[in-house]
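Listed in order, the protein sequences are those of chains A and B. Numbering-wise, the first sequence is residues 1 to 394 according to my numbering. Numbering-wise, the second sequence is residues 1 to 394 according to my numbering.
The set of hints was computed from the structure by calculation and includes no laboratory data. There's no promise every hint is true.
One copy or two, either will do: identical chains are not told apart, so a pair holds if it fits within one copy or between any two.
[Said to hold, decoys possible] Within a straight-line C-alpha distance of at most 25 Å, the following computed SDA-like cross-link-like pairs (lysine to any residue) qualify:
| no. | residue 1 | residue 2 |
| --- | --- | --- |
| 1 | Lys40 | Trp222 |
| 2 | Lys40 | Ser228 |
| 3 | Lys279 | Val141 |
| 4 | Lys279 | Arg363 |
Residues per chain are reported as follows:
Protein chains: 2
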Amino acid sequence: MTDLYHEKLHQAQELLAAYDLDLWLIFVRETAEHTDPALKLLGHFSLTWPTAIVITRQGRALALTGLGDDEAVRHTGLFDEVRTYTQSIGPELVRLLSTYNPQRIGINISRSDVSADGLTYGMYLNLCDYLADTPYRERLVSAEQFVAALRSRKTPQEVDRLRAAADLSMRIFAAVGDFLRPGVSEYDVAAFAHAQTQAAGATTAWDPAHCPGLNAGPNSPWGHVGPSAEIVRPGEVFHMDFGVKLNDYCSDHQRVWYCLRPDEHEPPAEAQHAFNAVKTAIRAAAAAVRSGVVGWEIDAIARQTITAAGYPEYPHALGHQVGRSVHDGGVGFYPRWERYGDRPYGTIEAGMVLTLELGVRTRFGYISLEEEILVTADGCEWIGQPQEELWLIR
Amino acid sequence: MTDLYHEKLHQAQELLAAYDLDLWLIFVRETAEHTDPALKLLGHFSLTWPTAIVITRQGRALALTGLGDDEAVRHTGLFDEVRTYTQSIGPELVRLLSTYNPQRIGINISRSDVSADGLTYGMYLNLCDYLADTPYRERLVSAEQFVAALRSRKTPQEVDRLRAAADLSMRIFAAVGDFLRPGVSEYDVAAFAHAQTQAAGATTAWDPAHCPGLNAGPNSPWGHVGPSAEIVRPGEVFHMDFGVKLNDYCSDHQRVWYCLRPDEHEPPAEAQHAFNAVKTAIRAAAAAVRSGVVGWEIDAIARQTITAAGYPEYPHALGHQVGRSVHDGGVGFYPRWERYGDRPYGTIEAGMVLTLELGVRTRFGYISLEEEILVTADGCEWIGQPQEELWLIR
Numbered sequence: 001m002t003d004l005y006h007e008k009l010h011q012a013q014e015l016l017a018a019y020d021l022d023l024w025l026i027f028v029r030e031t032a033e034h035t036d037p038a039l040k041l042l043g044h045f046s047l048t049w050p051t052a053i054v055i056t057r058q059g060r061a062l063a064l065t066g067l068g069d070d071e072a073v074r075h076t077g078l079f080d081e082v083r084t085y086t087q088s089i090g091p092e093l094v095r096l097l098s099t100y101n102p103q104r105i106g107i108n109i110s111r112s113d114v115s116a117d118g119l120t121y122g123m124y125l126n127l128c129d130y131l132a133d134t135p136y137r138e139r140l141v142s143a144e145q146f147v148a149a150l151r152s153r154k155t156p157q158e159v160d161r162l163r164a165a166a167d168l169s170m171r172i173f174a175a176v177g178d179f180l181r182p183g184v185s186e187y188d189v190a191a192f193a194h195a196q197t198q199a200a201g202a203t204t205a206w207d208p209a210h211c212p213g214l215n216a217g218p219n220s221p222w223g224h225v226g227p228s229a230e231i232v233r234p235g236e237v238f239h240m241d242f243g244v245k246l247n248d249y250c251s252d253h254q255r256v257w258y259c260l261r262p263d264e265h266e267p268p269a270e271a272q273h274a275f276n277a278v279k280t281a282i283r284a285a286a287a288a289v290r291s292g293v294v295g296w297e298i299d300a301i302a303r304q305t306i307t308a309a310g311y312p313e314y315p316h317a318l319g320h321q322v323g324r325s326v327h328d329g330g331v332g333f334y335p336r337w338e339r340y341g342d343r344p345y346g347t348i349e350a351g352m353v354l355t356l357e358l359g360v361r362t363r364f365g366y367i368s369l370e371e372e373i374l375v376t377a378d379g380c381e382w383i384g385q386p387q388e389e390l391w392l393i394r
Numbered sequence: 001m002t003d004l005y006h007e008k009l010h011q012a013q014e015l016l017a018a019y020d021l022d023l024w025l026i027f028v029r030e031t032a033e034h035t036d037p038a039l040k041l042l043g044h045f046s047l048t049w050p051t052a053i054v055i056t057r058q059g060r061a062l063a064l065t066g067l068g069d070d071e072a073v074r075h076t077g078l079f080d081e082v083r084t085y086t087q088s089i090g091p092e093l094v095r096l097l098s099t100y101n102p103q104r105i106g107i108n109i110s111r112s113d114v115s116a117d118g119l120t121y122g123m124y125l126n127l128c129d130y131l132a133d134t135p136y137r138e139r140l141v142s143a144e145q146f147v148a149a150l151r152s153r154k155t156p157q158e159v160d161r162l163r164a165a166a167d168l169s170m171r172i173f174a175a176v177g178d179f180l181r182p183g184v185s186e187y188d189v190a191a192f193a194h195a196q197t198q199a200a201g202a203t204t205a206w207d208p209a210h211c212p213g214l215n216a217g218p219n220s221p222w223g224h225v226g227p228s229a230e231i232v233r234p235g236e237v238f239h240m241d242f243g244v245k246l247n248d249y250c251s252d253h254q255r256v257w258y259c260l261r262p263d264e265h266e267p268p269a270e271a272q273h274a275f276n277a278v279k280t281a282i283r284a285a286a287a288a289v290r291s292g293v294v295g296w297e298i299d300a301i302a303r304q305t306i307t308a309a310g311y312p313e314y315p316h317a318l319g320h321q322v323g324r325s326v327h328d329g330g331v332g333f334y335p336r337w338e339r340y341g342d343r344p345y346g347t348i349e350a351g352m353v354l355t356l357e358l359g360v361r362t363r364f365g366y367i368s369l370e371e372e373i374l375v376t377a378d379g380c381e382w383i384g385q386p387q388e389e390l391w392l393i394r
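Next comes chain A alone, as it looks inside the complex (with noise of 0.2 Å):
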């Protein structure tokens, strides 16, 4: 079996014809300080002094480092060539760049996407100066397309390992059911989720003090924010946005918990609705997903089904890819606010691996579900498991 890497390689030389792209350029440098996102596509580099990483159309790949940083590029085994140079990279550039004679250069410049995004604008201006004389100055072009593509498009040992960190969540949050009563807080969740996430060897797919983020009652802090004291309460929900980074891929769920008070069999009818209308906006919105679609389409689907049901907007996107990063970049379910640029407009493609996720604040606390979909030339499967019932707490 190819390994990953040589996988998203052969798939990057395929997608530069497809873009119209004669030759990817990614230009970095101090890679442990700053690295372009798109960099990780490709492998695990350590970089010193300004590096440029080269893909052709024409199926080779080409790596031009600073002395001492070259050994380790060799070994990753995916370059057809290594070379190096000792006090400026401009001039050992343009011989390379002359080889090829490109007319289109793809550079990681992007207004939209961080994951395209990966040249700052200081490396941008020394390049231009690097090639100031030369006809690839105005060749280059934004590589945000193809870059977008790359990522976007799952390789099938991808989706083999985002459905595996997928369904180790599902394990976590089962346990975490099994974990909760009232008196819990959210320090004991989130202490608990994190062992069970060490145990099985992975870790959690964003930031450890942020992840998992839980919301027990109404008084907890809503948003990106770490666990605080509350307890679990009867008569109050439980809510816990989660995932894991197992094997370099993320998975990225939300699960709520209704905590019966000692004369309930149910939950209270109104945090019922609640539930209801959150999975049904998620399933309105799952059922039109298809190749082809545009993102803020769906996401419009579900914000109408939300509000038909009588509640207020979620104040944020549908839906993020799922990849590598736990927001992948590119396409997805955006709402056509001026913070997403352009990718509301972007066409929804069979391999990609979004979430659906949306929530509304009710009295019995935070009560939001987030799943994530596979989608397909006609649809879309599920990646784990989605919740079909609001889950108690007893």
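Guided by the hints, dock chain B onto chain A, whose structure is given.
Below, chain B without anything else, positioned relative to chain A:
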């Protein structure tokens, strides 16, 4: 005692006046994917949506975040005010700037210094658009000198942490010395050093795949590369480039041993000569360091010393700063090579912590040393104990 982040915040507010900036603007999004290296000087942030961190010369610290990112930022206790937006950061950002009407707004762009170059090209374009119809667009200037000063001028708490990291390194080098014997492989030493590091509650100062960097004998690959199967052999040297990160601050030293042959009681004169030449070059450079010298001149002293002793130039800089990152940005002892941009020309100031490092390749293997110094008004002090003798493996 003021905590470290507040200490750096106050330092930032003082430095704004010194560098004639009215306001410092850090502009980021999705920091898990791509953060600004300068942001970590102020704290540990996980931000999803476009966010502006604003420090004013008047001594105010403000944050403008997407709704949902705000609670965690508020919890840092660092900000006088945290504002939020939902659909677009642009109008709120203009409103915030209007409150202070800054004449010079520092942003993180730098051609030479990765640590001061955290703004991506796409984010720069967005920022220019948001400010297009305001006077602020033309008031954006590079904050690189300011950022470099903030990062370089270590506070007393930072120096304490750097010393603690170096002390731990010294103990680990001593333990490695006891561990080394003929037949031990680079892999063995890396595993031993990792275990020692972990047991001390630290991590390696850089990518553990390349830290420690090890060279057993003359056939081990040179540069930023991980351990190999090469073993300690009598009649050869063993070289180790290693550092730890303890309490968020790094160390970085190189040490070297000679493995005696059964018939030897001291290293061969040729190995001893190389060690002395390397040590002498580092001491000559250290003797010239004081606040106010220019970086490249110190590099030149070491470079001349080692070539006068009959060895070739080292193909890298004499020294870089050490701090939160092992390569901590800013000025350093850089030769005037294009790849180092304008950094060789910078002034070395009291409070900076830097390395002095160089080596020579010999038929016994790579003989190289790296020491750390704290610059003072009239000289420098060692951070960690410098290596005085070529250590012996028996």
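Against the structure, the hints come out as follows:
1. Lys40 - Trp222: between (32 Å within a copy, 24 Å between copies)
2. Lys40 - Ser228: between (34 Å within a copy, 24 Å between copies)
3. Lys279 - Val141: This pair counts as neither: shortest intra-copy Cα distance 42 Å, inter-copy 49 Å.
4. Lys279 - Arg363: This pair counts as within: shortest intra-copy Cα distance 18 Å, inter-copy 71 Å.
Of the hints listed earlier, the one the structure fails to meet is number 3.
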